[in-house]
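Engineer: Sequence:
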Amino acid sequence: MRRDWGAGAPCLCLADLRAAVAGSAAATNYLYNGKGQQVGSVDAMGTLTETVYDKEGNVSRKMRYATPVAWQDGATLASLRPSATETDRRWNYTYTKLNQLETETAPVLALREFCPTLLIEI
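So for the sequence shown, our numbering puts the first residue at 3; every next one is plus one.
Keep in mind that the hints are not guaranteed to be accurate.
Said to hold, decoys possible - Cross-link-like lysine-lysine pairs, in silico, PhoX-like; alpha carbons within 25 Å at most: (1) Lys57 x Lys37; (2) Lys37 x Lys64; (3) Lys37 x Lys99.
Said to hold, decoys possible - Derived CB-CB ranges, DEER-like: (4) Lys57 x Ala80: 27 to 37 Å; (5) Gln74 x Glu104: 32 to 42 Å; (6) Thr107 x Asp75: 31 to 41 Å; (7) Gln40 x Asn101: 28 to 38 Å; (8) Arg92 x Tyr32: 26 to 36 Å; (9) Leu100 x Gln74: 33 to 43 Å.
FYI, nobody ran anything at the bench for these hints, they're computed from the structure.
Idealized CB from N, CA, C, for every residue including glycine.
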């Protein structure tokens, strides 16, 4: 639907743009556990990222699987999870006794140590 904003100048509405890309829009689907925490996501390329939490509710690990998956309505993390491979990307996190992020181990095998006022990369 086009609208005329005066002086014959047509303007596209957001609804027009949404309709034009609805069939081809990329989407990311999310999976949640019973606590409402996001435990997985599948992006438009079929890449599954899994998130694991510790007993305190902190993110303890993330894994981005290299093997693409096919999203289906009603999917669960268990039904989507491919076998682990050496090319998967993994992040590991540790926390202090006060639940502050202490370390992050990233996919490039870098270790970062966190403190409240300073970031030290090793």
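Engineer: Determine whether the Cβ-Cβ distance between Gln40 and Asn101 falls within the hinted range of 28 to 38 Å.
Structural biologist: violated, 18 Å
Engineer: Going straight from one Cα to the other, do Lys37 and Lys64 come out at no more than 25 Å?
Structural biologist: holds, 17 Å
Engineer: Return holds or violated for the Cβ distance of Thr107 and Asp75 against the range 31 to 41 Å.
Structural biologist: holds, 35 Å
Engineer: Regarding Arg92 and Tyr32, is the given constraint of 26 to 36 Å on their beta-carbon distance met?
Structural biologist: Since the Cβ atoms of Arg92 and Tyr32 sit about 20 Å apart, the hinted range of 26 to 36 Å is violated.
Engineer: Is the hinted pair Lys37 and Lys99 satisfied, with a Cα-Cα distance of at most 25 Å?
Structural biologist: holds, 22 Å
Engineer: Measuring from beta carbon to beta carbon, are Leu100 and Gln74 in 33 to 43 Å?
Structural biologist: holds, 41 Å
Engineer: Confirm or reject the claim that Lys57 and Ala80 have a C-beta distance inside 27 to 37 Å.
Structural biologist: violated, 21 Å
Engineer: The hint says 32 to 42 Å between Gln74 and Glu104; measuring C-beta to C-beta, is that right?
Structural biologist: holds, 38 Å
Engineer: When you check the alpha-carbon spacing of Lys57 and Lys37, does it fall within 25 Å?
Structural biologist: OK: Lys57 and Lys37 at ~12 Å, within 25 Å.
The earlier numbered hints that this structure contradicts are 4, 7, 8.
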